[in-house]
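Here is what each chain is made of, one letter per residue.
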Amino acid sequence: MGRGATRRSVLAAAASLPLVAAGCGKGIGALGSPPRPSPDVAVVRGAIDGETFMIARYNAVLTAVPALAGSLRPLLQQHHEHLARLRARLIQPQGSSQPEHTPSAAATAAGPRAPGTPAAAQNYLRLAEQAAASTLLGKITTAPPSLAQLLASIAASEATHALLLAPTGRPG
Amino acid sequence: MSASPSPSATAAAGQGVPALQAALDAEHAAVYGYGVAGAHLTGAKQKAAVRDWAAHEAARDTLAAMIIALGAQPVAAAAAYQLPFPVHSEPAAVTLAAFLEDRVAAAYLGLVALSAARLRMFGARALQSAALRATSWRGTALAFPGLEASAPGPVLAGQGTTRPTPGPSTPGPSAGGGGSPPPPTGPAGG
Numbered sequence: 000m001g002r003g004a005t006r007r008s009v010l011a012a013a014a015s016l017p018l019v020a021a022g023c024g025k026g027i028g029a030l031g032s033p034p035r036p037s038p039d040v041a042v043v044r045g046a047i048d049g050e051t052f053m054i055a056r057y058n059a060v061l062t063a064v065p066a067l068a069g070s071l072r073p074l075l076q077q078h079h080e081h082l083a084r085l086r087a088r089l090i091q092p093q094g095s096s097q098p099e100h101t102p103s104a105a106a107t108a109a110g111p112r113a114p115g116t117p118a119a120a121q122n123y124l125r126l127a128e129q130a131a132a133s134t135l136l137g138k139i140t141t142a143p144p145s146l147a148q149l150l151a152s153i154a155a156s157e158a159t160h161a162l163l164l165a166p167t168g169r170p171g
Numbered sequence: 000m001s002a003s004p005s006p007s008a009t010a011a012a013g014q015g016v017p018a019l020q021a022a023l024d025a026e027h028a029a030v031y032g033y034g035v036a037g038a039h040l041t042g043a044k045q046k047a048a049v050r051d052w053a054a055h056e057a058a059r060d061t062l063a064a065m066i067i068a069l070g071a072q073p074v075a076a077a078a079a080y081q082l083p084f085p086v087h088s089e090p091a092a093v094t095l096a097a098f099l100e101d102r103v104a105a106a107y108l109g110l111v112a113l114s115a116a117r118l119r120m121f122g123a124r125a126l127q128s129a130a131l132r133a134t135s136w137r138g139t140a141l142a143f144p145g146l147e148a149s150a151p152g153p154v155l156a157g158q159g160t161t162r163p164t165p166g167p168s169t170p171g172p173s174a175g176g177g178g179s180p181p182p183p184t185g186p187a188g189g
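Heads up: the sequence lines are chains A and B, in that order.
Those letters in the first sequence? Residues 0 to 171, by numbering that gives the first Met the number 0.
Those letters in the second sequence? Residues 0 to 189, by numbering that gives the first Met the number 0.
Calculated from the structure, these hints are not laboratory results.
Warning: the hint list may mix true and false statements.
[As the list claims (entries may be wrong)] Short derived list, chain A residues pointing at chain B, Cβ under 7 Å:
#: 1; residue: P144
#: 2; residue: L163
#: 3; residue: A165
Heads up, the beta-carbon is just placed ideally off N, CA and C, and yes, glycines get one too.
Hey, can you work out the whole structure from these sequences and the hints?
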């Protein structure tokens with residue numbers, strides 16, 4: 000009985016090794032090749048990069064055209080909510096020194112340049128929202144069910160942002 | 000014979016019947032609800048209600064055909080539905096329309112969790128359409144359409160037996176949840 004329990008705990012410890020290896024980031028070579036992140040993780044990271052870059056676009060527009068703050072702030076807030084929900088999907092290994100996913104170089108490099116007029120800036124964001132929505136839709140057939148639902152919901156939200164950013168909006 | 004899908008694809012789609020029925024149920028409620036909303040709207044808003052009502056009728060028929068194709072019997076519409084709040088004015092009618100779209104969006108999100116890729120995409124696109132209509136009515140966006148219900152009140156529940164009878168449409172709060180909903184004299188009337 001006691002022997003069996005010991006054996007189970009050894010197995011559990013062995014199973015947790017790859018997580019530790021993924022978390023420490025250094026000296027991985029001594030333990031062999033690190034575990035490959037699952038495709039789901041790549042999808043979540045891609046979506047996180049997308050939201051991060053979208054927030055950067057909004058911030059650039061708000062700096063260039065402060066007059067748009069009233070209409071843009073609620074949309075920007077929702078992108079922060081998207082980002083938080085996506086980040087919660089990434090389970091960080093214990094002891095990880097990196098509490099959050101660091102955006103890729105593409106998401107942080109230099110920052111986007113926003114057009115200087117309200118109409119052009121709004122159109123710039125509208126096109127970005129449309130593109131983001133369709134990128135997310137392209138991921139839902141391969142993601143696990145609950146992640147697919149989150150991505151579909153965020154895509155729908157971004158499509159509605161694009162609607163609100165349209166010059167006239169929908170009558171009615 | 001030659002064009003029949005593979006057994007595994009058929010099985011995967013067949014597992015989607017409950018979610019398709021839930022979406023159909025939401026579309027039935029939307030068709031009814033837009034009839035109520037349309038009766039309290041005028042001008043451009045009524046035109047929008049008629050257009051959205053037609054979209055829900057088309058979606059209802061599409062879902063019924065999909066369910067039949069999977070060998071199941073589509074759920075029937077209830078004779079009447081309990082509204083989530085009294086609708087006696089234009090603002091209430093607009094709020095109802097947005098509420099209906101939120102419910103439809105949530106129902107379609109159920110399809111996105113299925114294993115059949117075709118049903119997932121169908122659900123995701125229908126979710127997006129509902130979210131766009133909701134935003135048109137509400138004038139604002141939601142962060143997570145379909146995932147969070149923003150509208151107040153209980154689910155639009157089918158009442159099954161009684162059809163609402165035309166009655167006085169005095170504005171103001173009705174007697175709680177027990178009051179009968181206004182007659183569907185709008186675009187759905189009949």
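Now the hints, each set against the structure:
Of the supplied interface hints, the one on A/P144 holds, with its beta-carbon coming within about 4 Å of a beta-carbon of chain B, less than 7 Å. Interface restraint check for A/L163: the shortest CB-CB distance to chain B comes to about 6 Å, inside 7 Å, so the restraint holds. Hint status for A/A165 relative to chain B: violated, with the closest Cβ pair at about 11 Å, above 7 Å.
In this structure, only the earlier hint numbered 3 is contradicted, and the remaining ones agree with it.
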